[in-house]
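Novice: For the record, the sequence lines run as chains X and D.
Using this note's numbering, the letters of the first sequence map in sequence onto residues 0 to 291.
Using this note's numbering, the letters of the second sequence map in sequence onto residues 65 to 869.
Honestly, I wouldn't trust all of these hints.
[As the list claims (entries may be wrong)] Using 20 Å as the maximum straight-line C-alpha spacing, the simulated SDA-like pairs for lysine to any residue come out as follows:
1. X/K40 with D/E267
2. D/K762 with X/V259
3. D/K866 with X/G138
Derived from the structure by calculation, the hints contain no laboratory data.
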Amino acid sequence: MLAFEMERPRSLASAAEILEKHGSQAMVKAGGTDVLVWMRKHAVHPEVLVDLSEIPELKGISFYPHRGIKIGALATVNETAENEDVKRCYPALRDACLSHSDVLIRNKATVLGNICASVPSGDLIPAFAVHEAVLHVFGPGGERDIFFSDFITGPRKNSLMPGEIVVSATLPFPGERSAGCYLKLARRNALDLAQVGVACLAVDGEAGRTYRIACGAVAPRPVRATGAEKILEGVTAPGDDLLDRAGKAAAEASNPITDVRASREYRLSMVDELTKRAVALCAERLQGGRAS
Amino acid sequence: MKQTVTKNGIGAWTERKYDVEKAAGTLAFTDDLRFGPELLHARAVRSTVAHGEILSIDFSEALKVKGVVKVVTGKDFVHRFGLYLMDRTPMAIGKVRYMGEPVALVIAESEEAAEEGMLKVTAKYRELPPIFDPVKAATDNSVLVHPELETYDHVDFITPFPGTNIGNWFRIRRGDVDKAFSEAEYIVEEAVNCPQIAHGFLEPHCCICREDPATGDLTIWSTAQSAFALRDIVSKGLKYPLSKIRVIAPPIGGGFGGKAGMTVEALCLAGAMNPDVRGRPVKLYIPREEVLLTSWVRQAYVAKIKLGIDKDGKIIAIRNTFYFDTGISAEYGANPVRSAGYSSTGCYYIPNVWTDSYAVYTNKPFGGAYRGFGLPELMGAMEVVIDIAARKVGMDPIEFRLKNILKPGLPTCTGMPMNNHALDTIVGKVVDRIRLNEKEPATRKGWVRGKGFALALKAPAMPADAASSAIVKILGDGTVEVLAATMDMGQGAYTAYSQMVSEELGIPIEKIRCPYPDTQSHPYDWQTVASRSCWSMGMAVKRAASDARQKLLALYAEYWQVEPESITIEHGIVKCRKKGKAEPIDEHIQSGFPMPDGNYKGGPVIGTGSFVPPDVIYPDAETGQSPKSVVHFTVGAVGIDVEVDPATGAVEVNKVSAGYDVGKAISPVNVKGQIEGGTVQGISAGLMEGMYYDEHGKLLTPDFTDYKIATALDVPPDLDAFWEETPEELSPYGNRGVGEHSMISPAPAMDNALFDALGIRIHSYPLGRERVYKAIQAKKKGETDLWEYPYALEQSYKNAIKEWK
Chain X
0 MLAFEMERPR
10 SLASAAEILE
20 KHGSQAMVKA
30 GGTDVLVWMR
40 KHAVHPEVLV
50 DLSEIPELKG
60 ISFYPHRGIK
70 IGALATVNET
80 AENEDVKRCY
90 PALRDACLSH
100 SDVLIRNKAT
110 VLGNICASVP
120 SGDLIPAFAV
130 HEAVLHVFGP
140 GGERDIFFSD
150 FITGPRKNSL
160 MPGEIVVSAT
170 LPFPGERSAG
180 CYLKLARRNA
190 LDLAQVGVAC
200 LAVDGEAGRT
210 YRIACGAVAP
220 RPVRATGAEK
230 ILEGVTAPGD
240 DLLDRAGKAA
250 AEASNPITDV
260 RASREYRLSM
270 VDELTKRAVA
280 LCAERLQGGR
290 AS
Chain D
65 MKQTVTKNGI
75 GAWTERKYDV
85 EKAAGTLAFT
95 DDLRFGPELL
105 HARAVRSTVA
115 HGEILSIDFS
125 EALKVKGVVK
135 VVTGKDFVHR
145 FGLYLMDRTP
155 MAIGKVRYMG
165 EPVALVIAES
175 EEAAEEGMLK
185 VTAKYRELPP
195 IFDPVKAATD
205 NSVLVHPELE
215 TYDHVDFITP
225 FPGTNIGNWF
235 RIRRGDVDKA
245 FSEAEYIVEE
255 AVNCPQIAHG
265 FLEPHCCICR
275 EDPATGDLTI
285 WSTAQSAFAL
295 RDIVSKGLKY
305 PLSKIRVIAP
315 PIGGGFGGKA
325 GMTVEALCLA
335 GAMNPDVRGR
345 PVKLYIPREE
355 VLLTSWVRQA
365 YVAKIKLGID
375 KDGKIIAIRN
385 TFYFDTGISA
395 EYGANPVRSA
405 GYSSTGCYYI
415 PNVWTDSYAV
425 YTNKPFGGAY
435 RGFGLPELMG
445 AMEVVIDIAA
455 RKVGMDPIEF
465 RLKNILKPGL
475 PTCTGMPMNN
485 HALDTIVGKV
495 VDRIRLNEKE
505 PATRKGWVRG
515 KGFALALKAP
525 AMPADAASSA
535 IVKILGDGTV
545 EVLAATMDMG
555 QGAYTAYSQM
565 VSEELGIPIE
575 KIRCPYPDTQ
585 SHPYDWQTVA
595 SRSCWSMGMA
605 VKRAASDARQ
615 KLLALYAEYW
625 QVEPESITIE
635 HGIVKCRKKG
645 KAEPIDEHIQ
655 SGFPMPDGNY
665 KGGPVIGTGS
675 FVPPDVIYPD
685 AETGQSPKSV
695 VHFTVGAVGI
705 DVEVDPATGA
715 VEVNKVSAGY
725 DVGKAISPVN
735 VKGQIEGGTV
745 QGISAGLMEG
755 MYYDEHGKLL
765 TPDFTDYKIA
775 TALDVPPDLD
785 AFWEETPEEL
795 SPYGNRGVGE
805 HSMISPAPAM
815 DNALFDALGI
825 RIHSYPLGRE
835 RVYKAIQAKK
845 KGETDLWEYP
855 YALEQSYKNA
865 IKEWK
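Please take these sequences and the hints and turn them into a complete structure.
Specialist: Next up, the structure:
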């Protein structure tokens with residue numbers, strides 16, 4: 000790895016100051032599990048690495064009943080997976096956390112780091128999409144919120160402005176009767192990037208059953224399979240025909256590439272398959288009257 | 065009467081040597097060694113084209129980087145190296161032959177400076193057409209990877225063909241195959257292929273070299289499996305005296321053949337021997353991303369096998385054509401090609417044999433030694449073809465195998481009689497343990513289940529004169545030091561040697577130590593490869609320990625004035641019951657015994673032992689025939705029970721049973737470990753491993769982001785490893801090699817299991833999820849076979865949508 004300097008600010012304000020001073024020469028790092036690998040492979044060349052790990056405002060996970068859960072920028076993937084409120088109300092997020100890399104890396108990697116890396120295969124991305132997360136950002140222009148649907152703009156690209164830091168994200172409370180899951184297909188059972196990942200959230204609200212479906216690793220931006228969601232709307236026990244149609248609709252919403260991990264054709268077939276499975280799983284969980 | 069008593073001799077379950085240091089993290093590997101501020105760091109600059117003339121290399125900008133000391137290029141270090149065929153230069157000279165080939169070496173005061181300098185070197189090339197497909201390369205000479213092939217030195221038992229891309233052509237001509245095929249009732253002709261695969265050892269290559277400017281003496285610290293072979297190759301390549309080269313091999317973090325012979329050391333020497341650098345140690349640490357571009361991997365292969373079978377199900381003829389894709393170097397890869405060739409009837413007796421086994425040069429990173437050494441390739445194809453043939457003949461695959469099995473005494477394809485073995489017993493156990501004949505329902509909802517079986521066989525593949533020697537020193541406190549230049553890279557050789565010495569000397573294993581190899585202190589051993597160590601070095605260690613014992617007994621006999629035969633060594637205590645003597649071994653053993661006649665006798669007791677296989681004869685170059693082509697064959701069998709998710713192609717292994725005839729398990733804990741580890745490695749290779757390139761020859765799987773090996777979650781929870789013990793005649797304790805064998809046949813057993821589950825035959829490894837899914841879709845369309853040619857995949861990759869618009 001090439002030589003670089005590291006700053007470890009103790010406050011958000013001081014981090015912003017450093018970022019402003021160094022401009023495009025600086026990059027932020029939380030867990031470092033992506034940035035350091037990219038640096039090693041010469042994919043990025045920061046002269047200054049700003050380590051956020053000592054900034055208290057970025058730590059922790061807080062749950063606000065009926066409103067949602069707030070995940071700090073330094074919350075690790077394991078910390079999130081093991082959080083009791085996440086276990087209770089955000090199973091898609093928990094599944095996504097547990098599918099991410101392996102136990103050791105998850106101890107360092109952060110949930111928001113995975114989001115900010117904005118890599119199409121990021122495991123946390125579909126879960127954030129179905130939960131319609133909101134990112135709270137601090138930067139030279141002050142604080143602002145970004146809807147997750149507006150956040151990722153392309154492979155490794157997002158709408159953060161220079162000098163901005165994601166402080167935390169809120170995932171709104173999905174409702175008392177909801178079920179979620181994240182299904183991932185990869186080349187092996189652990190420590191792999193998703194060939195395809197599908198998150199589903201099913202909610203029984205006042206207006207009846209709604210589904211939210213998001214697909215990862217199959218387009219430059221996260222895919223919300225709104226066509227599939229419409230097909231399923233209101234249906235509490237979708238049959239095979241409906242699942243088939245939903246799967247096809249999700250595949251139609253996807254535009255994967257061929258790379259060494261999988262071909263476009265395989266990915267399309269698997270979006271279809273995993274969508275069917277995810278929807279069926281959520282419907283089954285709600286059928287049992289169990290909110291999970 | 066046996067004069068020694070120990071609890072941890074041959075066959076005992078013991079603790080393993082060096083496990084404590086490994087668990088504590090205190091064992092120092094090459095990268096852990098410290099050389100102070102004198103140390104320089106080197107980093108390779110690599111070719112960006114697969115085949116091209118080097119027009120210029122500009123390193124002026126690199127020299128401006130603070131800390132960069134020197135940049136050397138290929139023409140500064142013109143030496144050819146190679147174990148069997150000297151076709152390798154550490155850096156490209158005049159021409160690059162694969163993308164990623166080193167073209168220059170930047171030497172700097174720090175790793176960071178070397179890396180920054182590396183990024184600043186630019187090279188210009190005039191591109192030449194590359195060749196990637198080994199079948200095309202072997203049959204069409206339009207692109208020659210090594211036009212200078214005829215000028216390369218090679219050992220006598222390798223037959224390169226100058227003017228072609230064939231680095232070695234091994235042949236078997238036995239009987240009359242044409243006549244037998246014309247008489248056969250059934251003809252089965254099938255092809256199987258597999259891409260290159262990588263060893264995936266945990267510790268990347270690392271080397272430190274230093275030349276003494278006063279004497280020219282070279283010291284090499286390296287992640288080497290075989291300190292002495294490395295010394296030999298360097299000596300021959302540099303035309304340097306052996307005595308002026310010292311190789312120190314610290315513990316290595318996995319090898320699997322990938323650290324045999326000479327790997328990265330010559331590249332490091334190109335820096336350390338440069339006149340501007342000489343005197344300072346130079347360290348070359350190969351980053352993970354560059355490991356597969358720096359030293360060899362397992363060769364890719366395309367195997368075509370044709371069987372002629374009579375009406376009773378007897379195989380009467382075989383015609384094999386094996387194309388091994390050896391990349392740009394066959395220096396080591398020439399020999400697995402030969403090994404597959406001289407084993408090319410597998411575990412079967414077939415009277416008429418025609419085999420052509422080719423090492424074919426292509427413009428890719430190169431192939432070489434990998435656990436199994438030609439046999440996973442051979443058996444990966446043959447055991448699939450045998451399964452196909454059995455079904456065609458209408459016989460149960462097990463019954464078909466047993467009918468044709470190579471029974472002890474029957475000739476192998478080289479004409480050598482097969483050694484004793486208990487393969488039929490092993491087959492019976494494997495069949496029972498995975499209930500091969502029972503169709504069982506899948507345990508996962510919606511999945512399908514299948515079972516598969518394959519036989520395995522392998523001989524140590526080595527030169528006829530691969531020798532070993534050992535020294536056993538009894539120290540002044542009754543402990544023992546064993547100098548045996550085997551590299552214990554996890555296989556447990558030092559534990560096994562300690563057990564041998566304990567057996568021979570009656571000294572407990574805790575008192576026996578085996579230090580890691582150093583050519584300056586250890587006596588010669590050819591290499592730690594070929595599953596030869598417990599056998600060949602075992603002979604030397606046993607002889608050395610017996611020699612030490614005889615010397616010890618003679619000294620005590622005179623000291624106590626008794627017959628040597630009346631003395632025993634029990635748990636480290638020397639006893640003579642007749643005289644009521646019992647003394648622990650003490651300083652007398654190193655300082656001499658005051659004898660009753662008043663004179664001192666003895667001095668340090670040192671046992672020595674040497675061994676070379678006495679009777680191996682190289683196969684005839686034209687026919688491949690030899691009365692004894694190899695020292696012995698170890699045989700075995702694997703059964704696998706799998707389930708497949710038809711909707712995704714995912715495969716889960718329920719159970720594996722694997723058994724081998726090891727002759728004698730010297731160290732059962734290690735035999736078990738080897739069988740389990742190799743089985744997992746074989747499953748991993750069969751299920752997911754492959755190196756892939758784009759159409760320009762760029763490696764797409766350089767590191768573990770995309771080169772996938774099985775994790776603990778991908779391997780079966782139930783792995784039944786067992787062995788039989790039919791003693792080998794010429795052997796220290798009846799033992800045969802077993803280190804590599806378990807890697808050989810899990811892949812074909814898996815392929816056969818998938819056929820059983822899915823009803824379609826997959827002819828291409830690995831059996832990854834996407835490929836299995838494709839096969840399931842093909843079956844729905846009425847296909848019976850799925851064949852995907854790796855080199856066609858590279859071309860189709862060219863047209864794929866790889867980037868979002």
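Novice: Confirm or reject each hint.
Specialist: Results for each hint:
no. : hint               : in the structure
1   : X/K40 with D/E267  : 18 Å, holds
2   : D/K762 with X/V259 : 12 Å, holds
3   : D/K866 with X/G138 : 35 Å, violated
Hint 3 from the list above is the single one not met by this structure.
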